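Using the sequences and the accompanying hints, generate a full structural model.
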Amino acid sequence: MTIDPVPLELIDDPGLKERLDQAQEIQTPDPLFLQIMAHVPSYAKAVFDAMYRSHVLGNVDHKLKEIIRIQLARLAKDTYFANLRSAKARQAGLTEEMIEAGCGDFENDEGFSKAEKWALRYAYLMFRERNRVDKTFYDEGKTLYSEAEIMELGAFIAFHYGLQVFMRTLQAFPAQDRDGNPVSQEESAALYGTTV
Amino acid sequence: MTEELIDEGIENYEKSTRFSDAEKIALRYSEWMATAPERIDAAFYGALKKHYSVAEIVELGSYIGFNVGYHTFFGTLDFYPMFTPDGRLVSQEESRRVYGDRPVSHLKGAVQRAASDNDAE
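Protein chains in written order, with my numbering: chain A, 1 to 196; chain B, 1 to 121.
No wet-lab data here; the hints were simulated from the structure. Values in this document were obtained by computation on a predicted structure and should not be read as measured data. Cβ coordinates follow ideal geometry from the N, Cα and C atoms, glycine included. Careful: at least some of the hints might be erroneous.
Said to hold, decoys possible - Label pairs and their computed distance ranges (CB to CB):
1) B:97 with A:24: 47 to 55 angstroms
2) A:77 with B:10: 38 to 46 angstroms
3) B:81 with A:90: 21 to 29 angstroms
4) B:16 with A:14: 38 to 46 angstroms
5) A:21 with B:53: 53 to 61 angstroms
6) B:53 with A:109: 42 to 50 angstroms
Claimed, not checked - A few chain B residues facing chain A, derived, Cβ under 10 angstroms:
7) 22
8) 54
9) 76
And the structure:
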């Protein structure tokens, strides 16, 4: 990693400790992200809260946002976020097969509704062909989602992609394996692979 | 802060004599994050650490990442500032006319268009 994480035993800010517990529970991000951001505690809390609110809370289905998050992380080539999985999404029934379908040829996949396809397309186009995210595109979106939901999706996509681009440059990997066991960065790189 | 300095920082920072080495690497960090993140490697972070603390680098990096994401999203919403460069409240149509359809230097038209509108009023 290019930035050393702050050791857990050196984090004594009560607000950060509370968020470390949240991260341990949701697993996306896992505590490693907060340990990196903990170099700037005020940023760590604000950024984590924004990530949590935009990803876990809101009116748009969390499983759909989780697929979008992974799709974006792969575009950003971020080995950290691309390999994390939301515990809440898994508990709600999200599978690796559904993730692969959403990150692949979702347009022709019968497993997604018209509304879900629009949301996946929104994420797909935002950083690849943003000129196609125009008024016509948004008008179609408004037949499927409320404006509040569209803003929720758009802000979620923007925020997470931007942070994933930053995390990509840190060359980090998840701090745990898929069973929740702590692993070193070297073990994690071997486990998840260096390409996403 | 002037419009000339903003333009210099965006278009000519590498060769400019107006920015310190520390400022140049921060501007390079931002440019590459948006356009060539693969160039931001361990060697680059090593160079950053000569000028900035780890806390400052995390601050810069997350700030830049946040902005990379948000400016792309906001660009798709097709809206414009509420105020002209000289501080007048204007409609979205008027703002589009003053600032233009693409984000360019304010010295390439926006300031003059706003000033001519003000004179006309």
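Hints breached by this structure: Numbers 2, 3, 5 and 7, in rising order.
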